[in-house]
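Let the sequences and hints guide you as you build the complete structure.
Top line first, the protein sequences correspond to chains Z and C.
Those letters in the first sequence? Residues 1 to 316, per the numbering used here, in order.
Those letters in the second sequence? Residues 1 to 316, per the numbering used here, in order.
These aren't lab readings, by the way, just hints derived from the structure by calculation.
Note that the coordinates shown come from a computational prediction; the quantities given were computed from them, not determined experimentally.
Treat the hints loosely; a few may be bogus.
[Said to hold, decoys possible] 20 Å max Cα-Cα, derived EDC-like pairs, lysine to aspartate or glutamate:
(1) Lys226(Z) <-> Glu240(C)
(2) Lys251(C) <-> Glu298(Z)
(3) Lys112(C) <-> Glu239(Z)
(4) Lys242(C) <-> Glu216(Z)
(5) Lys226(Z) <-> Glu188(C)
(6) Lys226(C) <-> Glu240(Z)
(7) Lys226(Z) <-> Glu27(C)
(8) Lys125(C) <-> Glu216(Z)
(9) Lys242(C) <-> Glu245(Z)
(10) Lys225(C) <-> Glu298(Z)
(11) Lys121(C) <-> Glu298(Z)
(12) Lys264(C) <-> Glu27(C)
(13) Lys121(C) <-> Glu245(Z)
(14) Lys225(Z) <-> Glu239(C)
(15) Lys288(Z) <-> Glu298(Z)
(16) Lys308(Z) <-> Glu245(C)
(17) Lys251(Z) <-> Glu245(C)
Protein chains: 2
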Amino acid sequence: MTNRITDLFGIRYPIIQAGMVWCSGWELASAVSNAGGLGLLGAGSMHPEILKEHILKCQSRTKKPFGVNVPLMYPQLEEIMQIIIDLNVPIVFTSAGSPKIWTSSLQNHGIKVAHVVSSLKFARKSEEAGVDAVVAEGFEAGGHNGREETTTFCLLPMVSQAISIPLIAAGGIGSGRAMLAAMALGAEAVQIGSRFAVSTESSAHENFKNSIIKAEEGGTELMLKKITPVRLLKNKFYEEVKAAEIQGATKDTLKELLGKGRAKKGIFEGDLAEGELEIGQVSAMIEKSAPASDIFKEIWNEYVFEGKKLCGLFAE
Amino acid sequence: MTNRITDLFGIRYPIIQAGMVWCSGWELASAVSNAGGLGLLGAGSMHPEILKEHILKCQSRTKKPFGVNVPLMYPQLEEIMQIIIDLNVPIVFTSAGSPKIWTSSLQNHGIKVAHVVSSLKFARKSEEAGVDAVVAEGFEAGGHNGREETTTFCLLPMVSQAISIPLIAAGGIGSGRAMLAAMALGAEAVQIGSRFAVSTESSAHENFKNSIIKAEEGGTELMLKKITPVRLLKNKFYEEVKAAEIQGATKDTLKELLGKGRAKKGIFEGDLAEGELEIGQVSAMIEKSAPASDIFKEIWNEYVFEGKKLCGLFAE
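Below, the structure is given as C-alpha cells:
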C-alpha cells in the first residue's frame with residue numbers, strides 16, 4: 001500500500017506521529033519510525049542543544065527516516081534549522097508561520113518539507129511556496145489552531161480539491177476507522193497526536209497521560225481566541241481563562257493570565273491545576289497507554305479491517 | 001445497497017434531507033422522497049394548520065415515505081403531534097428536547113422515531129428512550145448545536161461504538177465523499193441540510209440561497225453560546241452578536257439582541273442584514289443551486305464512485 005506520501009518520506013505506512021511540545025522526543029519518534037511510520041521530534045519545546053541531542057539519539061535508535069516539527073515563530077530559528085541541515089535530518093514539518101522563507105533553502109539540502117495549516121487559504125499558500133506536502137489540521141486538533149474553526153470533515157475535502165501536492169490529515173484521528181474516513185476525504189496519510197501523547201515513549205508526565213485517558217466528551221475546548229486559539233483540556237487554569245473570557249477579558253488580560261511556561265508545567269511537569277494542557281477532542285476516545293508500536297499496529301490493523309468491511313458495500 | 005436505515009424507513013438510498021426551518025416544506029420533502037431518499041418537513045417554522053397543509057400536499061405529490069422534524073420545545077407540541085398521527089405520517093425526527101415523552105406514544109401509532117443529538121450522552125439517552133435511530137450532528141452543522149462542540153469526525157465513532165440502534169450522521173455532509181467518510185465512521189445513513197437548503201425546491205429566499213453559494217471558508221461561526229449555541233452565516237446581525245460577546249455580554253443582553261423572528265426574516269424573507277442566517281460550515285463548498293433530485297443523484301453517484309476508488313486501496 002504505497003502512495004505519494006510513503007514514496008516522499010520513504011516510509012512503509014502512511015501514518016505520521018505529530019511533533020508535540022513536551023511529548024515527542026527521540027524515544028517516541030524513533031519508536032514510530034521503527035514501526036514503519038514517520039516519527040517527528042517536536043522542536044517547539046527544545047533548546048537548540050537539546051534538539052541536537054534528540055536528533056543524535058534518534059539516529060542511533062533507528063535507521064529509518066524521521067523528521068522534526070519546527071514552529072516558525074521559534075526564537076532561535078536559524079540555529080535550529082542549521083542543526084537540522086548539519087545533522088542530515090531528511091524531513092521537516094513546519095508550522096505556525098509562513099512557509100515561504102525556509103522551504104526552498106531546506107529543499108536545497110535535500111530535505112522534504114511539509115507545512116501544517118488549518119485553512120484552505122494557507123494550504124494554497126503552502127503549495128505556492130513549494131512545500132512537498134500539506135498537513136491540514138481541523139478544529140478538533142489539540143494545541144494551537146486556526147481562527148476559521150473549520151473541522152476536519154469540512155477542511156479535508158476543500159483542501160484535497162484545491163491542491164495537487166499530497167495531503168496529510170490531522171485533527172480527530174486516533175483510530176484506524178478515523179484514518180479510513182480521512183483517506184475517504186482525500187488524504188494520503190494521517191498525522192496522529194493525542195493518541196501518541198499517551199504512549200509509553202511519550203515524554204509527557206504520567207499525570208498528564210492519565211488525565212487524557214480520563215477525559216470524556218466535552219473535556220476540551222478551544223480557548224484564548226483573542227490571542228492564539230489553543231485547544232485545552234479542562235482544568236483549573238482553563239476555568240480561569242473561561243471565567244475571564246465570559247467577562248470579556250482583553251488580549252492583555254489574557255496574556256497576563258497565560259504567562260510563560262504553562263505548557264511545560266502541565267504537560268512535562270504534571271501540574272494538572274496550573275498547567276496548559278494541550279490535547280485534542282479525540283482524547284475522549286483514548287482509553288489506555290501502550291507502547292507506540294502497539295498503538296501503531298492497532299491503528300493500521302483497524303484501518304485495513306474497516307477498509308475491507310466498507311468495501312463490502314461496494315462489491316458488484 | 002440496503003441496510004437497517006433503508007429497511008426502517010422503507011427508502012431506497014440512505015440519504016435523508018434534514019428538516020430545516022423556513023427551507024423544507026412539501027416541495028423539497030416530496031422531491032427528496034421521490035428521488036428515493038427520505039424527505040423531512042421542518043415543523044419548527046410551521047403553525048399547526050400550515051404543517052397540516054404541507055403534509056397533505058406532500059402526500060399528494062409522493063407515494064413514498066416522508067417524515068416531519070419536530071423540535072420538542074415547540075409551543076403547540078400536542079397539536080402538532082396529533083396532526084402527524086391523524087394524517088398517518090410514518091416517520092418523525094425529534095430534536096431539541098427529551099425523547100422520553102413522545103417516543104413510545106408515536107411508536108404506538110406505528111410511527112418510526114429518530115432523535116437528533118449532538119453528544120454521546122444524549123445518544124445514549126435516546127437509545128434508552130427507545131427511539132428507532134439516532135442522528136448524531138457535529139459542531140460543523142448549521143443551526144442549533146451542542147455545548148460540547150464535538151465535531152462529526154469525533155462524534156460519529158464515539159456514538160456508533162456506544163449504541164446498537166442505527167446511526168445517522170449529520171454535520172459537514174454535502175457530498176458523496178463526505179457521505180463515504182461518514183459511513184467509514186460508523187453511520188448507516190447521512191442527513192444533509194445545507195446542500196438541500198439551496199435547492200430549487202427549498203422555500204428559502206433567493207437572497208439567502210445566493211449568500212450560501214457565495215459563502216467561503218470561515219463564513220460561519222457558532223454563536224450565542226450563552227443562550228443556545230447556533231451556527232450562523234456572518235452578516236450584520238452576526239457582527240452585532242460578535243461585538244457584544246467580545247465585550248462579555250450577558251444572557252439577557254444577547255436575548256434582547258436576538259429578539260424574535262430573526263430566522264424567518266433572514267431565511268424566508270431574505271433580509272441578509274438583520275436576519276439570523278442558519279447554515280453549516282459545508283456552505284463553503286456549495287457552488288450552485290439545482291433541483292433536489294439532481295443534488296441527490298450527484299451525491300449518490302459520487303458516493304459510489306469514491307467508494308469503489310477507496311476500495312482499490314484494499315484489493316488483495
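Legend entry - Ascending list of hint numbers which this structure does not respect: Those not satisfied are hints 2, 3, 4, 5, 7, 10, 11, 13 and 16.
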